[in-house]
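With these hints in hand, go ahead and build the complete structure from the sequences.
Letter by letter, the chains look like this.
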Amino acid sequence: MCAMAVAPGVFSGWFGHGDPRECTLERSGQGPAAGHPFGFDIQGCDLYSNVVHGTRDSLTIGLLATGLSFAVAVVLGSLAGYFGGLVDQVISRVMDIFFGFPLLIGMIVVLQTFGVHDVWSVSVVLALFTWPSLTRIMRSSVLAVRSLEFVTAARELGAGTLRILVRHVIPNAIAPVAVLTSLSIGAVITAEAALTFLGVGLTAPAMSWGVQLNAAQEYFTEHLNLLVFPALFLSVAVLSFVLLGDCLRDAFDPRSR
Amino acid sequence: MTTAPYARPQHSGPLHPGPLQDLPGYDPGAAPLEVGGLQVEFPATRSRPRADVVSGATFRVASGRTLAVVGESGSGKSLTARAVMGLLPHGARVTDGHARLCGVDLLGLPDRQARSLRGRHIAMVFQDALAALNPVVPVGHQIAEVYRVHGCTGRREAFDRAVAMLARVGIPEPAVRAGHYPHQFSGGMRQRVMIAMALALTPRVLIADEPTTALDVTVQAQILGLLKSLKDQHGLSLVLISHDLSVVAGTADRVAVMYGGRVVEEAAADDLYARPAHPYTRALLDAVPRRGHRGRPLAALPGAPPDPARPPGGCPFRPRCSLAQADCAVPPPLETVGPGHLSACHRSQEVSAR
Amino acid sequence: MARHILRRLLMTIPVVLGTTLIIFAAVYALPGDPVQTLAGPDRAVTPAMAEALRAHYRLDEPFLVQYGHYLAGLAQGDFGIDFNETPVSSLIAAGWPVTVRLALMTWVIQALVGVGLGVLAAVRAGRATDFAILGGSTLILAVPYFITAYVAQIVLGDRLGWFPVSGIDEGWPRSYLVPALCLALLGVPEVARLTRASVLENLHAEFVDTAVAKGAGRLRVLVGHVLRNSLIPVVSMLGLTLGTLMSGTILIEGIFNLPGLGYQAFQGIQQHNGPVVVGISTLLVLTFLLINLIVDVLYVVIDPRIRLD
Chain A
1 MCAMAVAPGV FSGWFGHGDP RECTLERSGQ GPAAGHPFGF DIQGCDLYSN VVHGTRDSLT
61 IGLLATGLSF AVAVVLGSLA GYFGGLVDQV ISRVMDIFFG FPLLIGMIVV LQTFGVHDVW
121 SVSVVLALFT WPSLTRIMRS SVLAVRSLEF VTAARELGAG TLRILVRHVI PNAIAPVAVL
181 TSLSIGAVIT AEAALTFLGV GLTAPAMSWG VQLNAAQEYF TEHLNLLVFP ALFLSVAVLS
241 FVLLGDCLRD AFDPRSR
Chain B
258 MTTAPYARPQ HSGPLHPGPL QDLPGYDPGA APLEVGGLQV EFPATRSRPR ADVVSGATFR
318 VASGRTLAVV GESGSGKSLT ARAVMGLLPH GARVTDGHAR LCGVDLLGLP DRQARSLRGR
378 HIAMVFQDAL AALNPVVPVG HQIAEVYRVH GCTGRREAFD RAVAMLARVG IPEPAVRAGH
438 YPHQFSGGMR QRVMIAMALA LTPRVLIADE PTTALDVTVQ AQILGLLKSL KDQHGLSLVL
498 ISHDLSVVAG TADRVAVMYG GRVVEEAAAD DLYARPAHPY TRALLDAVPR RGHRGRPLAA
558 LPGAPPDPAR PPGGCPFRPR CSLAQADCAV PPPLETVGPG HLSACHRSQE VSAR
Chain C
612 MARHILRRLL MTIPVVLGTT LIIFAAVYAL PGDPVQTLAG PDRAVTPAMA EALRAHYRLD
672 EPFLVQYGHY LAGLAQGDFG IDFNETPVSS LIAAGWPVTV RLALMTWVIQ ALVGVGLGVL
732 AAVRAGRATD FAILGGSTLI LAVPYFITAY VAQIVLGDRL GWFPVSGIDE GWPRSYLVPA
792 LCLALLGVPE VARLTRASVL ENLHAEFVDT AVAKGAGRLR VLVGHVLRNS LIPVVSMLGL
852 TLGTLMSGTI LIEGIFNLPG LGYQAFQGIQ QHNGPVVVGI STLLVLTFLL INLIVDVLYV
912 VIDPRIRLD
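Those protein sequence lines, which keep their order, are chains A, B and C. Each residue of the first sequence is one higher than the one before, starting from 1 at the first, in this note's numbering. Each residue of the second sequence is one higher than the one before, starting from 258 at the first, in this note's numbering. Each residue of the third sequence is one higher than the one before, starting from 612 at the first, in this note's numbering.
Since the hints were derived computationally from the structure, they do not count as laboratory data. Since the structure is predicted, the reported quantities are computational estimates derived from the model, not experimental observations. Yeah, the Cβ is synthetic: ideal placement off N, Cα and C, and Gly gets one too. Mixed in with the good hints there might be a few duds.
[To be verified] So the derived label-pair ranges between C-beta atoms look like this:
#1 Arg735(C) to Arg350(B): 18 to 28 Å
#2 Ser330(B) to Arg916(C): 23 to 33 Å
#3 Thr161(A) to Val834(C): 50 to 60 Å
Printed below as a string of structure tokens:
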């Protein structure tokens, strides 16, 4: 069931047909027609292939940004949780500062100052503001695992610090972070759409769902299909990751249900 | 505030006649609490079969007396008490039997009327006072709530009376302590708060479910002493639930021993300790170190209590009983084996003769 | 308790410095000409304009002096000047009443609906109502609220004509109701889920049995004992949702043309008027920090277990 939840999001890229950049202005904003199930956008391009191709950039950003912040979280969270002391203090205070930003606002300010708005730069900015919440969970998870007996045993057997961290602590501490990461992918995809829609996220040559929503925002009232179809794909993708997160949580923690 | 903190509350007599006497079946001469043939079951769910956790509990407590209900965990003693109080856990339900408070069957009452009796004519003290007290409400207000719920007094007077109750259970500086939260009290003091709450309206019957199990031994004795003196002072009937025969030895007038969801023996305390008429009671007594038995090995009872979902059939104690014979496949009824002495065992004469 | 509050207050100071430093550095210290950065690649900046900005932010001086000057300005309510040489603080002065109204209305809806659904789900745990609420909240989480806002605007405003499509001409509350409802969707699922979990945890607590044993009725048990304990974490979460809610005003006020702070920021982005975006964002960040501080202090006040330790 979990696999089914993710499948449409991940694999929809395979169902693309037609060229999203092949457009005829006469068909601007027209409704569904034979071979064009979603109709046409303002430029007269086939909306279906646009939306399907949009999957790639949206998902790439979701996975890339979350992957980055996951990597940062595992490293910093382990360091802060395992070593404590000054390392923990510094990492925790920096996290506090990032927690001081309402999510979208921090991203808006930083993106506002970026010259390039491609998949990479947007992902980096999204990661910049999502790593703290993952790191915090990782830190407390490591803190809990650190004092368990098998870790003490490994230490007393003379295992090196790095070995203990990589072989014993991290594998046992990572489950809660994995759950949150899955939820975070959905949140990042939404945030990208919101930022792009506002006009500070991705720009034209890229083709995320946010870009399509942004381009069409003045025509929604007349052409509802321009809003509904990208939004539908966006929601299904986010829902998939939310459900995946729920599944992971149930799998890791049978107590929660 | 012009409270006289040490003033005795003026309700030593039947100042609160309360709603009891208007209810069907009320009989001033009846036993304060009489439980008969009580059956409680957990209906079958997907993951487990139906289970009879109480199957025919029967006992009565006389006015002004203490009845101890003793048994291992899982014997159904706590669930019996909870059924009487209307506190069965989610899913459990009473399928048969009665629990009469001065003749009024609590189990047959509509919720509204049963509620009007709880806290007023029958009250309960729980094992773990820290869990049983609301952590975010000052204890004085929690006691005062009893008066408020039963519409006895205004807000202000309720609190004053709560302070008086705290004084009565021996809490120093009650006016100050009434404003404190449960986590600010020691274990013994918290249990005193629980008792103050239960006795706020001087109920006829007080059920104390393992009231001292969570406490230090020295504090245990204090709490039991307090319960006993308050019982004598107010003439209430006390049902003392415990897993430990030695704890109730000095307090109980009568003892009912429960096993596998039913009462297997009931007798006056002295009689029961001297001449147990059920092998389970005997086993419990043998497991307690006693004066005069020096040199005798303590006998641990082998095996585990029956799983209520899969009762053994016949006498529930049969699988662990050293005297078990073929006729134990027929469940023995609870019968009189001596003056005021009941036992549910085919071999009761043999047991008491030993 | 006073010590706890003081400590919390002191802990806020480095966070305020850190956040403002990040904002300032992102705008004025990254490589490239800050004035051109603020204007974006498509907007021409007149020399006079550039000069005014340079003078205002003392961009010719060393970075720390710039930052110190900027901080001192913030302390006096100076949020910079925009490309029309209007002080951002005057835009803020014009916009904040709208935003505060929207935010408060949203917050109240969020609290009432979120807590209400959470309690309902917990009381009916495992039954159809519970599944409907849990499923519904997952769906709401999945559909981005700005999409819902557009749909609501088109359906309720444009097609059905029940509510004004945009603007605040019809005043409070009519003009604010639909935007507030859409914005509330952002927090309702989270509040409902936390309330449900928290109530469930306390519903089977032993002190509930004590209350029943006292003879308390269902309502009294639920409100006086279960909720009184369950709402402590919820209050804290409700405070924190104010932060997400403030970011949300940018999109919602933009979509519904409510002339508040969020709308100003929205317009600032659309018109490449960088200083407005930065100035308003800074104000929103500072407000968020203040709210967090208040929530933390409040948490200590309402939970005696922390207060008295």
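**Study point:** Hint check, failures only
**Key:** none
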